[in-house]
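Produce the complete structure using the sequences and hints provided.
Protein chains: 2
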Amino acid sequence: MKVEIWSDVVCPWCYVGKRQFEAALAQFEHAASVQVVWRSFELDRTASRSPAVQGQYAQRLAEKYGCSLEQAQGMIDNMTGVAASVGLDFRFDLARPGNTFDAHRLLHLALARGVQDPLKERLDRATFSEGLRVSDHDELTALAVEVGLDEVEVREVLAGDRYTRDVLADEERAAELDITGVPFFVVDGRFGISGAQTPDRLLRALDRAWSTRTVLEMVPADGAPGCEGDACAV
Amino acid sequence: MKVEIWSDVVCPWCYVGKRQFEAALAQFEHAASVQVVWRSFELDRTASRSPAVQGQYAQRLAEKYGCSLEQAQGMIDNMTGVAASVGLDFRFDLARPGNTFDAHRLLHLALARGVQDPLKERLDRATFSEGLRVSDHDELTALAVEVGLDEVEVREVLAGDRYTRDVLADEERAAELDITGVPFFVVDGRFGISGAQTPDRLLRALDRAWSTRTVLEMVPADGAPGCEGDACAV
Chain A
1 MKVEIWSDVV CPWCYVGKRQ FEAALAQFEH AASVQVVWRS FELDRTASRS
51 PAVQGQYAQR LAEKYGCSLE QAQGMIDNMT GVAASVGLDF RFDLARPGNT
101 FDAHRLLHLA LARGVQDPLK ERLDRATFSE GLRVSDHDEL TALAVEVGLD
151 EVEVREVLAG DRYTRDVLAD EERAAELDIT GVPFFVVDGR FGISGAQTPD
201 RLLRALDRAW STRTVLEMVP ADGAPGCEGD ACAV
Chain B
1 MKVEIWSDVV CPWCYVGKRQ FEAALAQFEH AASVQVVWRS FELDRTASRS
51 PAVQGQYAQR LAEKYGCSLE QAQGMIDNMT GVAASVGLDF RFDLARPGNT
101 FDAHRLLHLA LARGVQDPLK ERLDRATFSE GLRVSDHDEL TALAVEVGLD
151 EVEVREVLAG DRYTRDVLAD EERAAELDIT GVPFFVVDGR FGISGAQTPD
201 RLLRALDRAW STRTVLEMVP ADGAPGCEGD ACAV
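One line per chain: the protein sequences are A and B, in this order.
Under my numbering, the first residue of the first sequence carries the number 1, and numbering increases by one thereafter.
Under my numbering, the first residue of the second sequence carries the number 1, and numbering increases by one thereafter.
Wrong hints could be hidden among the right ones.
Sample of chain B residues lacking proximity to chain A, with all beta carbon distances greater than 10 Å (derived) [said to hold, decoys possible]:
| # | residue |
| --- | --- |
| 1 | Ala26 |
| 2 | Glu63 |
| 3 | Val86 |
| 4 | Gly87 |
| 5 | Ser129 |
| 6 | Asp166 |
Distance windows between CB atoms, simulated [stated by the list, open to error]:
| # | chain 1 | residue 1 | chain 2 | residue 2 | range |
| --- | --- | --- | --- | --- | --- |
| 7 | A | Met218 | B | Cys67 | 21 to 29 Å |
| 8 | B | Ser211 | A | Ser48 | 38 to 46 Å |
| 9 | B | Arg155 | A | Thr198 | 50 to 58 Å |
| 10 | A | Glu172 | B | Ala175 | 32 to 40 Å |
It should be emphasised that the hints constitute simulated quantities derived from the structure, not laboratory data.
We put the beta carbon where it would ideally sit given N, CA and C, even for glycine.
Next up, the structure:
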C-alpha cells in the first residue's frame, strides 16, 4: 500500500508531520507492506538560490502571512514547542530557506536508488536544526553522499536537468488534487489528509485504507448476460 | 493515471486483450497521461521449463478444462477467429507453452528500462505466432535484445534471481484482488475489468476513471471544529 506525502524541505510542519507519520507507522500492523513516497512541493517557487540571511525567520513569516513580528514570533515559538514534543530541535535562529527545486530533483534520484526517506530526513534536519543552505550544490552533494548516493551521479544530476519532469509531475498532480498546503498525505491513492496530524489520526487512516484496499469496483459487462469478456483461467 | 494489466505470455486472450486495450487507448483523449504496467501472472506455475511439444494445444486445453478434444478445438477456432479480427495471426499449431517465471522477471527488468510494452508484445508474438520457447534462456535473451535490452544484463538476470520478488509481489497482489483469470485490468487502482473486452468498454472505463481521478476522500479532523492539522501554505 502506497502512502504519498507532498512536502517541502523548508516546511517546518512537514518535518513535524514526518515524525507523526513515523509514529503512526510504528503502530500500524501492516507497516511492512507500506511504501512511502515523498512527493515534491515547493512552497515558494520564486525563492532565491542564494542563501537567505540567518536569523530573520520571524520577519519572513510576517511578510508572508501579513502579520506582525510579534505574531510571527508566536508562530515560531509554537512550532518550536510542537517540534520539541516530537523530539525535533528546531533552530529558527539558524534556518535560511531558499529555492528547493534541486533538492526535490535529488529526492527523486534518491527514490530511484532506494534512499529517499533518509535523504528527506537529512534535508529537513539540515534546514531546521543546522541552518544549512538547501539550494547550495556543494552542501546538497555532501548531504546526499551522507545517505549513500554516489557523489559523481549526484553532481551530474545537479549540473544537468535530470528529474525535472518528476518534480513538475508531482506538482501538477498536487494542483489536480487541490493541494495548497503541506504536508499532505495521500493513502492508497484514495484518502487525503491535510497538515501535520496526530499519530492516532494517521493510524486510523492507514487502518481504514488497509481494510478497504482490495475492493475494486468492477466495470460491468456490455450487452446481454453471459456476454462476459474472455479470459484464461488458472 | 496508471493502468495495470495482469497477464501471462502464454495466454491467448491476454494478447487479444492487449490489442483491444491499445484500440481503446488510441481513442482516449488523455492517453499521453496513461502509464501502462504489465503485471505478472502465471497461468500454470507448475509448467515445465522444457519446451512443450508443438501442435498439441487442443489436447492440452481438453485436459486443462476437462472437455472433449472437439470442444477444445472449437475453443481454438474461436480464439483464432477473434485474434484475426484484431489483426493477430494465432498459430496454435506451432505454440508450445512452458514455464513463464523467467519471462516475467525479464518483463520487470524491461519495466525498469522503459521497454516493458515492447517486450510484452514481443513475447506474446513469440508464443502465439512463432512457436518460440518462452522458457528458453537463449530465446528469451534474443527477444529481449531485439527490443533494446542489454544482452549482458539480460543474461545476468536470467542466470540469477533478480526480479523474483517483483513477480511474486504482482502475484500476491493478484491474489488479494481475487484475480483468478487474465487479462485483468486495474485502472487507477480503483476500477477492475476482467477478461478481453471490447475497446468501447475499456474506453468507457478509462473515461470514468479519468473523470473521477482527482477525487480524494478527505479524512476529517479530530476533536473540535477548528482543530485542523497545521500546514505550511504557499
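Structure-based check of all given hints:
1. Ala26: 19 Å, holds
2. Glu63: 14 Å, holds
3. Val86: 12 Å, holds
4. Gly87: 17 Å, holds
5. Ser129: 17 Å, holds
6. Asp166: 13 Å, holds
7. Met218/A - Cys67/B: 21 to 29 Å: 27 Å, holds
8. Ser211/B - Ser48/A: 38 to 46 Å: 40 Å, holds
9. Arg155/B - Thr198/A: 50 to 58 Å: 52 Å, holds
10. Glu172/A - Ala175/B: 32 to 40 Å: Given about 34 Å between the Cβ atoms, the range holds.
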